[in-house]
Structure formats: C-alpha cells, structure tokens
Amino acid sequence: MIAVRNLHKTYTRNGLGLKGISLTVKAGELFGLIGPDGAGKTTLFRILATLLLPDKGSASVCGLDVVKDWREIRTRVGYMPGRFSLYQDLSVKENLTFFATVFNTTLKENYELIRDIYVQIEPFKNRRAGKLSGGMKQKLALCCALIHRPDVLFLDEPTTGVDPVSRVEFWDMLHRLKKQGIAILVSTPYMDEASRCDRIALMRNGSCFTTGTPDMIRQSFKRPVYSIRSDKMYQLLGDIRSWTGAYSCYAFGDSHHLTLKDNAPDIANLETYLKGKGYTDVFIHPIEPSVEDCFMELGND
Amino acid sequence: MHVIETDKLTKRFGDFTAVDRISFWVESGEIFGFLGANGAGKTTAMRMFCGLSVPTSGKATVAGYDVYRKSEQIKKHIGYMSQKFSLYGDLKVWENIRLFGGIYGLSSKRLADKTDELLHTLNLENERDTLVDSLPLGWKQKLAFSVAIIHEPTIVFLDEPTGGVDPVTRRQFWELIYDASARGITIFVTTHYMDEAEYCNRISIMVDGRIEALDKPSVLKEMYHAGNMNEVFQSLARKATRGE
Chain H
54 MIAVRNLHKT YTRNGLGLKG ISLTVKAGEL FGLIGPDGAG KTTLFRILAT LLLPDKGSAS
114 VCGLDVVKDW REIRTRVGYM PGRFSLYQDL SVKENLTFFA TVFNTTLKEN YELIRDIYVQ
174 IEPFKNRRAG KLSGGMKQKL ALCCALIHRP DVLFLDEPTT GVDPVSRVEF WDMLHRLKKQ
234 GIAILVSTPY MDEASRCDRI ALMRNGSCFT TGTPDMIRQS FKRPVYSIRS DKMYQLLGDI
294 RSWTGAYSCY AFGDSHHLTL KDNAPDIANL ETYLKGKGYT DVFIHPIEPS VEDCFMELGN
354 D
Chain L
172 MHVIETDKLT KRFGDFTAVD RISFWVESGE IFGFLGANGA GKTTAMRMFC GLSVPTSGKA
232 TVAGYDVYRK SEQIKKHIGY MSQKFSLYGD LKVWENIRLF GGIYGLSSKR LADKTDELLH
292 TLNLENERDT LVDSLPLGWK QKLAFSVAII HEPTIVFLDE PTGGVDPVTR RQFWELIYDA
352 SARGITIFVT THYMDEAEYC NRISIMVDGR IEALDKPSVL KEMYHAGNMN EVFQSLARKA
412 TRGE
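The listed protein sequences derive, respectively, from chains H and L. Letter by letter, the first sequence follows residues 54 to 354 of this note's numbering. Letter by letter, the second sequence follows residues 172 to 415 of this note's numbering.
Treat each hint with caution, since some may be false.
Claimed, not checked - Listed below are the simulated DSSO-like cross-link pairs for lysine-lysine, each with C-alpha atoms no more than 27 Å apart in a straight line:
(1) H:285 - L:392
(2) L:410 - H:184
(3) L:387 - H:330
(4) L:241 - H:285
(5) H:330 - H:314
(6) H:178 - L:311
(7) L:311 - H:72
By construction, these hints were calculated from the structure, which means they are not laboratory data. Just so it is clear, the structure is predicted and the values come from calculations on it, not from any experiment.
With the sequences and hints as input, model every part of the structure.
Here it is as structure tokens:
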C-alpha cells in the first residue's frame, strides 16, 4: 500500500530532512516510525500525504505516485498531523460534518468504521474541539481522518501528551482498524507503543537504520544487558558509567540498564566495585533488551 | 518546611468541580510527581499553585505565600516550564535569556552576569546569537529549564516537560532535574511517562479532581500489588467516572 524508494528531501534552512529512505507497508499492516526529533518522520508523512515534494527518489501510496497522482491519493488516505488537525472553534459534531463534506461523504455512510471511537466522544458532540482534553481531541482527530474510509492512515505522533489509559485505548482502536485492512503508518516517541506495531523502522538524521518486527530488532541487539538496582539510584548511575566494563548505562524506571563493552570483565567485578563504593542491596541480573534499549543504542553508534 | 501545603483546596467552574478538596504537602528539596489522566484536574490545580487562578474554597500556600492574597509574591518565587510553551523560537539564545530574566525581575547587572554564567555552564557560548528554533531539541530543553530557574526559585513547576521527546533526550532532561534538586530547588513535575514516575521521591495520582493515592513509588506498587507504576496508574485511573 505504501512503497518508498530512496527518498530524499533537504531543507536548506537547517540541513535536516530525508537522506535516502526506503520502506514498504502492506495492507492491514501497522508500521511504526521511531526516531528522535529531527529524524525526518514528519517530512516523510508530508511527502506521502502529497503536501510536500521530494527532491529525489520515489514514493507511491495505493499504487499511485505521490508527485503525479496527488489528487487521487488525497481521496484515498487519512492524515492526522501532529498538531492543528481540528478546527478548535467548531464543535465535535461540526468538525465531523466539515471533514465528511470535504470528502463528499456523510457521517452516516461510514458510521460502522468510526462507531467504536465515535461513541466515546458522542457525549461531548456539542463541545468545541478546543475545549476537549488531550485524549478526546485525538479520538476526534482519528474519527475525522477516517470519515471517508481511507485505505491508508498516516498518524504523526497521535498520542503525544495523552495519558497512559487513553493511549492504551487509542492503540486498541488502531488494532481494530488494521483488521479491516487499512494500512497504518504511525510515529511515536513511546517505546511501549513501538512494541505494539507489526513492524517498525528506527530512524535518525533522515535515514532508516533498521526495519523489522519488534522481536527481530530486539534479537539483533548485540551487547549483553543487565538490570541493576541499589539504594541510591541517581548516584549509582554515574558510578556504573565509570566502571571499566560499562559501554552505556541509562535509567529505566526503577532500575538502570547497563550494556557491556566487548572485552568487559565478569559482571561479578561490578558487584565488588559497587560494594567498594559503599552501596548496599545491590541487585544485578541479566535481562532481554527491550525496543527502548535498541533505540538508545542508536544514539551511541 | 513545606513548599506547597494545601487543605481541602477546591476549584469549581459552574457546577463542575475540577479540583475537589485536595489536601497534601510537598517537602523542600523533594522531586514530587503530580500524575493523573487527561481531565483529572492537574492543570487546574497547577494554575492555582502558580497564582494564576483563584481557588473556590480551601487553603493553600506556595513557597510560604497564600494563594488568595499573595499571588504576585508566588510568581516571583516559582519557576515554570512546559514542553508546549517554553522559549521563543524566533528569538536568539541570549535574547531568550534576557527576556525571561527580565520577566522574573533580575536587575540588568545580575542578568548580564547570569547570561554569561548560563552560556558557559550549558556550553552554548558559540550559540549566543543562534535562533532558538535551529537548536537541537536536547539543547533547547536544557536552555528552557535553565531559564525557568534563572531567578533561583524555591520551586519549579514542570508541566509535561518531556512530552513527545525521544528516550535519549528525556533521560538527559531528568539528569538536569536531579542536578537542580541536588542544589535545593524543589521540583513539581507532571508526566505521562510512567518510568519517569519512578524517578520521583513521591508521587500523587489524581482521579476525577481528587488525589486518590500519594506516596513513594515503591510503597504504591506494594499497595496496589503492581509490578510497575504503569500498572498502579492503570488500576487507579480506570476508576474515573467523569468525562474529560
């Protein structure tokens, strides 16, 4: 449904953009774009949604070329940009009617597709979009993006600023939409959401580093990872980093994750080292890397 | 000393009770996590603590000042930063420092010293004349945070400071928070990242305008038989009955 081949786009202002991205997304696939600010995620969305022209390379959506067939593509895709996709001064109902009219359809015509989501925002249908809370705004924006029954959905950080409960609900919805055969391309800064994608691409500086299922990406992680806890967590972070065998160490909630250098001494050496520094209750055990570990590693290479 | 102390603090809008009799305190020097679902009442509560909104009833002091009568004093003794609004992108680095320093009431002599000191500690000396918009996100965040505490406030309010930020930059930001906390600045922070809840000394979770739970992360996990803070949050926030 989406095919991107060696896509380039350079912004003269800051040198950011895309530096040769290639990827494909199938019908009914939930594909995640994971990358830091400035990685090029939004640029890719805007090119695929035919709002921006690429400098080089090609891309097609639903088999249509993003440069030549932009008019046709726009009727076949739903796009939820990071910000300002709704009219803040219009009510929930008015926003839906507006988007339906633009796509020459009605709320009724594709009601089945949006019903699950619509019933949650229906109690607020007369409220202005600007007065909705974060989670509700995102549900309304998703409804608006779906109103013309698109074959492809582009979602640019749909859950940023949304609380953990609403995020889980939002992703449950995406899984139901995917079952209807819609191809979904979604970007997110939340690594737990990356794990809920069929495949993900890790992006940085306009390039795509790895593409694969979350499991494949976890398995390709080369270094051993250990989870470490003790009494003084913040101080511990600095001390682990100073240990000779440490390649990297980051806080992960209630523990720190340490990755080892190629020629690191035995892990027992770390325990002795930390006890020597006066730590008590040191708890070290090996763990499987998470997608977040893999992502952090990108920053070190 | 308690930097924030509230007693049955309440805010109503018409017949809607946004914040419903919350009573709690924040200790000096602590990192306090203020959690809750969208619409639980966090922003309304924060606006009262910052002296921007007058409570309907109840009591509260911030940095020792009463929220009803001393809101101007409060504004001088707090810092504020959010991901959405922090710096002016089309102003230069030094212009942003000057603007915020001026707003926080620094004298021009102190402002000049502070600007040099800040650029030096942030390693931004070569970026003095750079437009903030063209800085990498991580640098922008460092600058925004430093500017929010340029007047050495008693407490700094961080409203979703890491929203939409990638995992590496988020962690760098928390290291800044720890450093400020070690210098004695009290940190009051909201976040939707549950791993960040673990980095706080204590956290509260708001549901439907009330504080439903408040303690150290380890105690809360035990209390709710949860493996991590996300499970604690999910079990509490799902009890919410009111719409957003």
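Tell me the numbers of any earlier hints that the structure contravenes, in ascending order. 4, 6
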